[in-house]
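Note that my numbering numbers the sequence shown so that position 4 is 446, with each residue one more than the last.
Because the hints were derived from the structure by calculation, they are not lab data.
Misleading hints may appear alongside valid ones.
Keeping only pairs whose Cα atoms sit at most 30 angstroms apart, straight-line, the calculated BS3-like set for lysine-lysine is [as the list claims (entries may be wrong)]:
id : residue 1 : residue 2
1  : K522      : K509
2  : K522      : K507
3  : K507      : K593
Just so it is clear, the structure is predicted and the values come from calculations on it, not from any experiment.
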Amino acid sequence: MTPALFLAQAVTNAATATAGDIRDIRGPIAIPTSWAWIRWIVIALVLLALAWAGWRAWRRHRDRKPKPDPLALALAELEKTRALLHPETAREFSIAVSDVIRAYIETRFAARAAHRTTEEFLHDLAGAAASPLAPYREVLTEFLRHCDLAKFGRWALTTGEMEAMLASARVFLLDTQPRPVPPPVPAP
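Go ahead and model the full structure; you've got the sequences and the hints to work with.
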C-alpha cells in the first residue's frame, strides 16, 4: 500500500466515522427582555397577595366560631371529678379539682395559675391589690392549701370533706362568673 493510497483511505475512514458524530451548530437562544421578568414578578406578587388575602379571610372565619364559656367548661370538669369521690382516691380528686380551678382562673382572669406552685400564685395575688381575684384571696388561699395537703401531704380525706371541697370550688366558680352589663337607661 502506497502512502498516498493509505492517506486517501484514512481520510475516507475518518469522514465516514465522524459523519454521524458531527452535529450542526445550535440556533440562537432567546433571552427574555427585562419586561418579561417584570411581568413574571408582578404575576408572582399578585398570587402572593391573593394567597395572603385568602389566609386572612380563613382566619377571620375561624375566629368567628363562638369560644366556649370558661364557666360552663369548669363546671362540667368539676362534675367529672365526682367519679373520684372515694377516700382511696383523695389525692387524685384534689389534683383534679385544683387543676380545674387553676385552669378557670387562667382563662377567666388571664392570671398565670396552672403551672405555678400555690405559694407563687398566692404571692402574686397578694401583690396585686387591683386584681379581680382580690375579693376571693382568702377563699382561694384556704381552698388551694387544703388541696395541697391532700396532694403533697397525703392527708386522708373523707367523702364529706371532698364534697365540701367540691362545693367550695363550685361556689367560687359561680361567684366569679361575669355579670351581664345592664343596658343604659335612656334619658326621659
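Hint-by-hint comparison with the structure:
A hinted pair counts as satisfied when its Cα atoms are at most 30 angstroms apart, and K522 with K509 qualifies at roughly 21 angstroms. Simply put, K522 and K507 have alpha-carbon atoms about 26 angstroms apart, close enough for the 30 angstroms limit, and the pair holds. A hinted pair counts as satisfied when its Cα atoms are at most 30 angstroms apart, and K507 with K593 does not qualify at roughly 37 angstroms.
Consistency note: the structure conflicts with earlier hint 3 alone.
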